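Visitor: The residues making up each chain are set out below.
Number of protein chains: 2
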Amino acid sequence: MSLAISQRGQDMPVSPFRKLAPFAEAAKQQGKKVYHLNIGQPDIATPPSLLEAVRQADIPVLAYSHGAGTDSYRRKLAGYYHRAGIEVTTDEILVTTAGSEAILFTLLTCLNPGDELVVPEPFYGTYTAFAIAAGVKIVAITATIEDGFALPPLAAFEQVITPRTRAILLCNPSNPTGHVYTRSELEDLLGLCQRHNLYLLSDEAYREYCYDGARATSALNLPGGEEHVVVMDTISKRYSACGARVGSLVTRNRTVFQAAFRFAQMRISPPGLGMLLGEAAAELPESYFDENRAEYQARRDLTVRRLQAMPGVQCPVPGGAFYVMAHLPVDDAELFGEWLLSSFSYENQTLMLSPASGFYQTPALGRQQVRLAYVLNLHDLEAALTCLEQALLEYPGRTLAPQVLEVAEAHV
Amino acid sequence: MSLAISQRGQDMPVSPFRKLAPFAEAAKQQGKKVYHLNIGQPDIATPPSLLEAVRQADIPVLAYSHGAGTDSYRRKLAGYYHRAGIEVTTDEILVTTAGSEAILFTLLTCLNPGDELVVPEPFYGTYTAFAIAAGVKIVAITATIEDGFALPPLAAFEQVITPRTRAILLCNPSNPTGHVYTRSELEDLLGLCQRHNLYLLSDEAYREYCYDGARATSALNLPGGEEHVVVMDTISKRYSACGARVGSLVTRNRTVFQAAFRFAQMRISPPGLGMLLGEAAAELPESYFDENRAEYQARRDLTVRRLQAMPGVQCPVPGGAFYVMAHLPVDDAELFGEWLLSSFSYENQTLMLSPASGFYQTPALGRQQVRLAYVLNLHDLEAALTCLEQALLEYPGRTLAPQVLEVAEAHV
Numbered sequence: 001m002s003l004a005i006s007q008r009g010q011d012m013p014v015s016p017f018r019k020l021a022p023f024a025e026a027a028k029q030q031g032k033k034v035y036h037l038n039i040g041q042p043d044i045a046t047p048p049s050l051l052e053a054v055r056q057a058d059i060p061v062l063a064y065s066h067g068a069g070t071d072s073y074r075r076k077l078a079g080y081y082h083r084a085g086i087e088v089t090t091d092e093i094l095v096t097t098a099g100s101e102a103i104l105f106t107l108l109t110c111l112n113p114g115d116e117l118v119v120p121e122p123f124y125g126t127y128t129a130f131a132i133a134a135g136v137k138i139v140a141i142t143a144t145i146e147d148g149f150a151l152p153p154l155a156a157f158e159q160v161i162t163p164r165t166r167a168i169l170l171c172n173p174s175n176p177t178g179h180v181y182t183r184s185e186l187e188d189l190l191g192l193c194q195r196h197n198l199y200l201l202s203d204e205a206y207r208e209y210c211y212d213g214a215r216a217t218s219a220l221n222l223p224g225g226e227e228h229v230v231v232m233d234t235i236s237k238r239y240s241a242c243g244a245r246v247g248s249l250v251t252r253n254r255t256v257f258q259a260a261f262r263f264a265q266m267r268i269s270p271p272g273l274g275m276l277l278g279e280a281a282a283e284l285p286e287s288y289f290d291e292n293r294a295e296y297q298a299r300r301d302l303t304v305r306r307l308q309a310m311p312g313v314q315c316p317v318p319g320g321a322f323y324v325m326a327h328l329p330v331d332d333a334e335l336f337g338e339w340l341l342s343s344f345s346y347e348n349q350t351l352m353l354s355p356a357s358g359f360y361q362t363p364a365l366g367r368q369q370v371r372l373a374y375v376l377n378l379h380d381l382e383a384a385l386t387c388l389e390q391a392l393l394e395y396p397g398r399t400l401a402p403q404v405l406e407v408a409e410a411h412v
Numbered sequence: 001m002s003l004a005i006s007q008r009g010q011d012m013p014v015s016p017f018r019k020l021a022p023f024a025e026a027a028k029q030q031g032k033k034v035y036h037l038n039i040g041q042p043d044i045a046t047p048p049s050l051l052e053a054v055r056q057a058d059i060p061v062l063a064y065s066h067g068a069g070t071d072s073y074r075r076k077l078a079g080y081y082h083r084a085g086i087e088v089t090t091d092e093i094l095v096t097t098a099g100s101e102a103i104l105f106t107l108l109t110c111l112n113p114g115d116e117l118v119v120p121e122p123f124y125g126t127y128t129a130f131a132i133a134a135g136v137k138i139v140a141i142t143a144t145i146e147d148g149f150a151l152p153p154l155a156a157f158e159q160v161i162t163p164r165t166r167a168i169l170l171c172n173p174s175n176p177t178g179h180v181y182t183r184s185e186l187e188d189l190l191g192l193c194q195r196h197n198l199y200l201l202s203d204e205a206y207r208e209y210c211y212d213g214a215r216a217t218s219a220l221n222l223p224g225g226e227e228h229v230v231v232m233d234t235i236s237k238r239y240s241a242c243g244a245r246v247g248s249l250v251t252r253n254r255t256v257f258q259a260a261f262r263f264a265q266m267r268i269s270p271p272g273l274g275m276l277l278g279e280a281a282a283e284l285p286e287s288y289f290d291e292n293r294a295e296y297q298a299r300r301d302l303t304v305r306r307l308q309a310m311p312g313v314q315c316p317v318p319g320g321a322f323y324v325m326a327h328l329p330v331d332d333a334e335l336f337g338e339w340l341l342s343s344f345s346y347e348n349q350t351l352m353l354s355p356a357s358g359f360y361q362t363p364a365l366g367r368q369q370v371r372l373a374y375v376l377n378l379h380d381l382e383a384a385l386t387c388l389e390q391a392l393l394e395y396p397g398r399t400l401a402p403q404v405l406e407v408a409e410a411h412v
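Residue numbers (the UniProt record's numbering), protein chains in the order written: chain A, 1 to 412; chain B, 1 to 412.
None of these hints come from the bench; they were simulated from the model.
Just so it is clear, the structure is predicted and the values come from calculations on it, not from any experiment.
Heads up, some of the hints might be wrong.
Cross-link-like lysine-lysine pairs, in silico, DSS-like; alpha carbons within 30 Å at most [claimed, not checked]:
hint, chain 1, residue 1, chain 2, residue 2
1, A, K28, B, K19
2, B, K19, B, K33
3, A, K19, A, K137
4, B, K32, B, K19
5, B, K76, A, K19
6, B, K19, A, K76
7, B, K76, A, K76
8, B, K137, A, K137
All chains, full assembly: derive it from the sequences and hints.
Guide: Structure representation (C-alpha cells):
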C-alpha cells in the first residue's frame, strides 16, 4: 500500500511556461544567446523610488499587517484607482499576495466545487491551475485569430450556460492575445451576467498598457455592475514589480468582499515589504505610464510589422498588454519551439516562444499559434524577430497555410 | 434572484483572533493601555541584518523567481536545516509564501475534498480555515490541560481513523499549548501513520523555542518517515519576521514535492524581497536563538509563576513556543475577555487574551481556558499579569473550580 496524493494534485498541470525551459537551458549551455519572448516578465526597470521606499522604511519589527493590507497602502491604492478613473473606497479593496491570490480568493468565494466558470479562450494558462485548486470547471468559448480575438458572440456564451454556471472571467487587456475589450463588449457581457445571475470576474493586470490612444474600460465602471463585478489586479506588470507579490481584489459586493476577507484572514497578511513598495508605486505620476506605454507601443509596432512581413505568418494588431499572438506556418508550434532551442541558431542566437496550446482548453486548438511577449528592448527585439524570420525559412516542418500559399504562388 | 457566494465562503470563519478586536479598539479610545497577550506577534526586534540585506540588494528589476524559490535562498535554507540537525537537500525544500501557503499546498496535495485530517485539539484555529478552503474535514482528538496537552493516547487516534482518513497534523512545539512533543510521542504517531498509510504533517514554526534545555524533534528526523512526513515551516516567529511572508514546505516524498511544486507554479513565485531577508536570516549564528530563547524562557517562567499563584487558575508548564494555556475561574473566557476590555481597568490598564474556544473544534471545550502569548518585555508582562490577577478578583462572573474552592475554604 503506498501513499497517494490527491486527485487535484495529480490534475494540477506543469506550468506551460516551464515545458521548454530545459531546452532553453541546454541552448544556453551550448553558448547560444536565447531571446526570451516566452514570459511576461517585464525587462523595464522597477522604478527606483519603489525600492528606495523599502530601503528608507524604519522597521523595528516586520510585523503582520491587517489581513486586508495596511491602512496606508489601501488609502494610496484608492488614490491610484481614482486617478485611473475608478472610484472605490478603501473598504472595497483587499490587498492580496499578487494577482494570483486575488484569483484564488475570487474563485473560492464565488464558486462552489463543481461550478462552471466561462472563459474566452485563448486564456492565461494558469487560470486552469487555479480552477483545479478551487475545484471549479472552466468552460471555454473560443475567440479566433481571424476576429482579432474579440469577444465571441453572446450567443456562444448563452449556449454554454447551465444551472452550474456561476461566473464569466475575462482578462482585459488580455494576456495572451493583447485584445482590449470595448466598452460595448463589456456592457453586453454584464447584461448577460445580469440576466443569468452570474459574476463578472475581470483580471485587469495590464490596465495602463493600451495603445493608439485607447483606454481599457474597467469592469468596475460598468453601470449596474456593483453586485456582479470582482476585479483581480496586481502591481506586477504595471510597475515591473512581479517579485513583490502584491495585488488586490476589488469589489463593491459586500458579501463577496467579506468572504474574500475571511479567506485573507486565513493567511493573516499580505507581504509587508511588498506593500511598502506598493505605496511608492501608487504615487508615481501619470508620466510613468506615458513613458512605458510609448516604449511598449513601439515594440508592439515593430513586432507586428516584422511578423506580418513573414510569409505564412498571421497576426492581428493587439491593442494592449505586451503580447502578440501569431499564427505560424508550422504544424506544431511546440515542436517548432523545441527546434528553435535545440537545432536552430542564427549568428549563434535563437529565441524562446510560448506555444499557444497552453492558452487553449479545447484540444488541438492553437497548435499553429504562439504568444510572443515583447519584453526586450527594441534592439534585442529586432534581433529576436530576425532569428524567427530566419528560422521559419529554415524549419524543415514548415507548412504554408492555404491563403498564404496562394500569395506565395503568385510571387513565383 | 440574488448572487450567492460559495458554501465554503459562507463557512469560512471570522478569524477567532479578530472577535475581540472591536472591544480592544474601544478600550484604547477610552485612553486605556491594552496589553496584547492575544496574538503571536513577537515584540522582539527583527534582526537588523535581515532588513539591511534587503536595503543593500541591487535590484534593477524585481522579477519573478523560480516557483520553488531562488536557488540561493534554497541553498541557504538547506544550510539552516543542516545546522538545526535536519539533513535535507535543496530539491526537498519548496519556498512558500509563509507557513500559511505551506499549509494550504500540503492540504491541497495530500488530501482530496471530503478526506479527513486528524488534529489534536486545542489546535491553531486557522487550520480550520485552511481545511475549509481545501474542502477537508478536521477530526479532532482532545488533549487535556490535566495532561499538560501531551499527545492523546494512540488508541484515541485509532478510534477515529476511517477509510477517509489521510493525514495527522501536529504543531510542534505547539501553538496554542506550548507543548513540545517528545521523540517517543512522535515515533508512536509515525508508527500509526505507517500502519494506516497516513501522512504525518508537522508544523514546526517554533522549532528553536524550547526551554529548560529541551530540543524539539523534527518529524523529518524520524527514521522511516521519508514517505509520510511533510513539514510546514516559516521564518515568521523564528526571526520576528511575520510580515515577510516567507516559509517552506519540506518533504522527502518526491511525489508530494512535485505536486506541491505544481501548486506553487500556479502563483509563479514567493515574495522576492522576503526571500532576500530570509537569506540573511538563514545565516544568523546560533547565538541569536540562544539570546531569544533565554528571553522567552524568562517570560514563560514569569507567566507560569504568576498564573499558578492566582486562585482558581490552572496552567501546565509549556516546554516551548511562546504561549501558555490556562484554565481561569470564569464560566466563559470569551465574556471575560470582553469584560476585561470593556468594563475593567487597573491603573488605567487592561489586557487582551485569546479565549481558547477558538482552538477547540469540539463545541463547549475550552470555554474556561485562555491562551496567553508572552510577546511583551518582562516589565510589561508583569504589569499585564498584575492586571489579570486584579481582574480575576473583581470579575463578577468568577467561578471557582471545585478543587480550588476546597483550598479557598481551607484558608477561611
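Visitor: Run every hint past the structure and note whether it holds.
Guide: Results of checking the hints against the structure:
Of the supplied pair hints, the one linking K28(A) and K19(B) is violated, its CA atoms being roughly 55 Å apart against a limit of 30 Å. Between K19(B) and K33(B) the CA atoms are separated by roughly 19 Å; this keeps the pair inside 30 Å, and the hint holds. For the hint pairing K19(A) with K137(A), the CA-to-CA distance comes to about 24 Å; that is within 30 Å, so the pair holds. Taking the CA atoms of K32(B) and K19(B), the gap is near 19 Å; set against the 30 Å cutoff, the hint holds.
About 27 Å separates the Cα atoms of K76(B) and K19(A), which keeps this hinted pair within 30 Å; it holds. Proposed proximity of K19(B) and K76(A) is supported: the alpha carbons are some 27 Å apart, at most 30 Å. For a cut-off of 30 Å, the pair hint linking K76(B) to K76(A) is broken: about 36 Å separates their Cα positions. For the hint pairing K137(B) with K137(A), the CA-to-CA distance comes to about 22 Å; that is within 30 Å, so the pair holds.
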